[in-house]
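Quick note, the sequences are listed as chains L and R, same order. Numbers 357 to 596, taken from the numbering used here, label the letters of the first sequence in order. Numbers 64 to 328, taken from the numbering used here, label the letters of the second sequence in order.
A few of these clues could be false.
Unchecked claim - Between beta-carbon pairs, the in silico distance windows are:
no. : chain 1 : residue 1 : chain 2 : residue 2 : range
1   : R       : L83       : L       : N470      : 24 to 30 angstroms
2   : R       : A298      : L       : D483      : 52 to 58 angstroms
3   : L       : G447      : R       : G106      : 35 to 41 angstroms
4   : L       : G486      : R       : R260      : 53 to 59 angstroms
5   : L       : S380      : R       : A189      : 55 to 61 angstroms
6   : L       : S367      : R       : S265      : 17 to 23 angstroms
7   : R       : F243      : L       : S429      : 33 to 39 angstroms
8   : L       : S441      : R       : Q85       : 18 to 24 angstroms
9   : R       : F250      : L       : S441      : 34 to 40 angstroms
10  : R       : M241      : L       : G494      : 31 to 37 angstroms
11  : R       : G106      : L       : A413      : 58 to 64 angstroms
Claimed, not checked - Covered by chain R, per the in silico footprint, the following chain L stretches (three or more residues, Cβ under 8 angstroms):
no. : stretch
12  : 406–420
13  : 433–445
14  : 449–462
Hints were generated in silico from the structure; no laboratory data involved. We treat Cβ as the ideally placed atom computed from N, Cα and C, and that holds for glycine.
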Amino acid sequence: MTTPLSIRGVSHSYGSIVALDEVSLDVTSGTFTVLLGVNGAGKTTLFNLITRLFAAASGTIQICGHDLNQMPSAALAAMGVVFQSRALDPGLSVAQNIIYQGALHGLPRREALNRGEAALERMGLADRMGEKAARLSGGQQRRVEIARALLHRPRLILCDEATVGLDVKSRTGIVADLHRMTAEEGLGVLWTTHLIDEVAPDDPVHVLHQGKILAHGQAAEIAGDKTLSDAFLALTGAEA
Amino acid sequence: MTGWIICARGIIWREALRFLQQKERFFAALVRPLVWLFIFAAGFRAVLGLSITEPYETYILYETYVVPGLCAMIQLFNGMQSSLSMVYDRETGAMRTLLISPYPRWFLLTSKLAASVIVSLFQVYAFLLIAWLWGVEPPLAGFIAILPALVLSGLMLGAIGLFLSSAIKQLENFAGVMNFVIFPMFFASSALYPLWRLQEGSVLLHDIALFNPFTHSVELIRFALYLKVNWTSLAVVLLCGAAFLTAAIVAYNPSRGLIRRTRRG
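Input sequences plus hints: build the corresponding full structure.
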């Protein structure tokens, strides 16, 4: 089975500011891979490149073996995305949001609704289909966005700081849900965050700082005999 | 049904739903031209005499003259409003949901444009119905003949808006664009006064209006409403529509794009 996400030597600059410098990383099936970095580390830039908002200056990005530049349709069809900013249409119902998302992936209305309902069921939100998205709490909206991202059955899920602005309970619940789905369904998840408490000890972690990957490995390995938080500060503090 | 059709239909359906939910938007879209028709045109009727000019075959009241221009105005506002919603969508993330669809970007943007044109058709026909009740009675067949003209004009005006939306960084900047795009396009055109009238006042203004694509939207609609074709306007609308749509697609292209590239996170 091909790797859900493979990034090799990706660099990107904004004018003279280097945002990403020779970044390489893999997200394998069944792993919840964390891209850890402070604000400004280059996480969102990398995220924008993987979602093809704009193209990388150099390097390659492959999604399930499809090169993002050469086969964008196949690559985009294999990924589900949860953006940092809210992407649900607040004036539309959850069901309408799901139908729209399904349509963007060529799914007929009934099929999208069935799949959406099943995904929401797993998130404990199946009874909210008819409700306006605006009436849901922040955490519930996020869950709907995750359910939406799963509609077309992608093998890679990208989440960009998906828990920002949520309370601790919602954050923990969402991270646990995604860990569970990763294990049960063999999805590859790339989770970008600056919140260290969202990382489990056996999660693969890449520490991104000032556009460079400073360390990668299992969270417990990176932490060594310190806490992950101390190890992260030691890594990034030394470079800052 | 292929995925392509489902995708295009989904984009149009979402736009229509949003439009139906924003009742004030529909109301505003109707009130604006009606104010011009009921108040401005009534006042101008006495001041502005209109000689017989194509496509009209007789002397006409100013209300009759101004209706096609107001139809185009509805489409102009709608096109700009649609691009405003794209800037808003980009700030919230809804735009990115659209752009990560596996279908090609040109197809997604064109579907979005088609959605905005369909919404504008509802607005124009509602306006024409009220204008009819007000006494502006073009030939009945004109209501059908005007449809292709409205589609082409809507596509061109929407494409201009789409292109602008790629260049505008934030919502706040949009108000300025409205002032610098909508008002000059509307006033320096044949929507309110015939070109020959403009020439009497200012040759420069006449020349500007002649090169204003909006003038050709208005004339295309005016001629179609009276069952005629203005070939020059048709050509200008087609060419400008294609040019702006191409420019918008290039602007939204990931490698050459003009999409905001801020550095965050």
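We went through each hint and held it up to the structure:
1. For the hinted restraint 24 to 30 angstroms between R/L83 and L/N470, the CB-CB distance of approximately 25 angstroms keeps it satisfied.
2. For the hinted restraint 52 to 58 angstroms between R/A298 and L/D483, the CB-CB distance of approximately 57 angstroms keeps it satisfied.
3. Evaluation of the 35 to 41 angstroms hint for L/G447 and R/G106 yields a pass: the beta carbon distance comes to about 38 angstroms.
4. Taken as a hint, the range 53 to 59 angstroms holds for the pair L/G486 and R/R260, whose Cβ atoms sit roughly 56 angstroms apart.
5. For L/S380 and R/A189, the Cβ-Cβ distance of about 57 angstroms falls inside the hinted range of 55 to 61 angstroms, so the restraint holds.
6. Separated by about 55 angstroms at the C-beta atoms, L/S367 and R/S265 break the suggested range of 17 to 23 angstroms.
7. Distance hint for R/F243 and L/S429: a CB-CB separation of about 37 angstroms, consistent with the stated range 33 to 39 angstroms.
8. As the Cβ distance of L/S441 to R/Q85 is approximately 21 angstroms, the hint placing it in 18 to 24 angstroms holds.
9. The hint said 34 to 40 angstroms for the Cβ distance between R/F250 and L/S441, and at roughly 37 angstroms that hint holds.
10. For the hinted restraint 31 to 37 angstroms between R/M241 and L/G494, the CB-CB distance of approximately 32 angstroms keeps it satisfied.
11. Judged by the Cβ atoms, the range 58 to 64 angstroms given for R/G106 and L/A413 holds: they are separated by roughly 59 angstroms.
12. Against chain R, the stretch 406–420 of chain L contributes 5 residues with a C-beta closer than 8 angstroms to a partner C-beta. That satisfies the three-residue criterion, and the hint holds.
13. Residues of the stretch 433–445 of chain L lying with their CB closer than 8 angstroms to a CB of chain R number 10, which satisfies the three-residue condition for coverage.
14. Counting residues of the stretch 449–462 of chain L whose beta carbon lies closer than 8 angstroms to any beta carbon of chain R gives 9, which reaches the threshold of three, so the coverage claim holds.
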